[in-house]
Amino acid sequence: NAGVTQTPKFQVLKTGQSMTLQCAQDMNHNSMYWYRQDPGMGLRLIYYSASEGTTDKGEVPNGYNVSRLNKREFSLRLESAAPSQTSVYFCATLFETQYFGPGTRLLVL
Amino acid sequence: DAKTTQPNSMESNEEEPVHLPCNHSTISGTDYIHWYRQLPSQGPEYVIHGLTSNVNNRMASLAIAEDRKSSTLILHRATLRDAAVYYCIRGRRNTPLVFGKGTRLSVIA
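The listed protein sequences derive, respectively, from chains A and B.
Using my numbering, the first residue of the first sequence is number 41, and each one after it goes up by one.
Using my numbering, the first residue of the second sequence is number 53, and each one after it goes up by one.
Derived BS3-like pairs (lysine-lysine); straight-line CA-CA distance at most 30 Å:
| no. | chain 1 | residue 1 | chain 2 | residue 2 |
| --- | --- | --- | --- | --- |
| 1 | A | Lys111 | A | Lys49 |
| 2 | A | Lys97 | B | Lys153 |
| 3 | B | Lys121 | B | Lys55 |
| 4 | A | Lys97 | B | Lys55 |
| 5 | A | Lys97 | A | Lys111 |
| 6 | B | Lys153 | B | Lys55 |
| 7 | B | Lys153 | B | Lys121 |
| 8 | A | Lys49 | A | Lys97 |
| 9 | A | Lys49 | B | Lys153 |
No lab work stands behind these hints, which were simulated from the structure alone.
The structure displayed is predicted, hence computed values, not measured ones.
Extracted from the complex, chain B is given alone in its bound form (with noise of 0.2 Å):
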């Protein structure tokens, strides 16, 4: 039970920003919101985590919304290497990732 909905798949055009929905009702309070891709062959590929604040790092931005319930990942230009499954993951600090199915996006160029 990966505790967070995710939509199965999402297209956007290269070059432009990606917006990645993730509903996490559920959550507690001490869970973070963990963001994490796999490309096709790969491994999961950290990308960003966050407690209650937007973060941002080299890779995306991460919006959580004010009640927690939601958080959005933000890769500001897509570009074809970002094409991968995002898995959005909402765990304690220091445990093992619970990981669904995650959000397919496809970039076209």
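Bound-form chain A, shown alone (with noise of 0.2 Å):
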């Protein structure tokens, strides 16, 4: 049981490149989660799913796109990537409470 698990661990990214970040989870939950955290800071919701073929956008949605591929898999689109978005990024569940991947580390540069 692998539970939530975040591909990749770690990307450099140039200033407009793209990317997408893979999520996927075992856990047959329905709801899926990206957030975002800032060195220091608190985790910042940037999109969710409630279920598979919905998404909704959180507190920082701009400049990400996300797509619920079916149940186990949620994945977060950056179209063009920017300084801003170096951060660490953590893609979660919810059954009753939250259950989150290891985190992928993106730099911009």
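Using the hints, put the two chains back together into the complex; each one sits in its own frame.
This is the structure in structure tokens:
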């Protein structure tokens, strides 16, 4: 039982490049979330998906898009990366409480 | 707006109990109190949650005040591996949690 997994673990991008962060869960939870965490800060919600086929904006959605491919997978896409998107990105599921993945560390130069 | 108040940092000696306080004076009747912790370079990890009664699990105990305006996370015997940022969060069941800055716990050998 892997729980919530994220790939890649670490990525370096140049400004303007695009990439997709992948998240998968094997807990059969309906709801999935993407957060970002900047140094010394709490987590901020980017996008979430309450169920397969639905997505909604969170607190800081600008510059991101998401896809809920199926019940297991929820991806986050940066179409044109900016240095302000340098952060650690966490995927999470929700069932009574939240379960988090190990994170993807993204550096945009 | 995390809607809870926690000290920025606390220190404990190894093998001693630790009491981490949290104030949530505006809590509503349907809000649970959740505690998570985040070890360096890892995702948030669920610790414990409760509604009204005190709760115990293998990781910690949660003591909730009778008026529910405050709570205390109790680590019965701190180890070096317990050094982390501890987040106290109020939220309804099955809703995404809003993380604040938490309390940074240092454990001294």
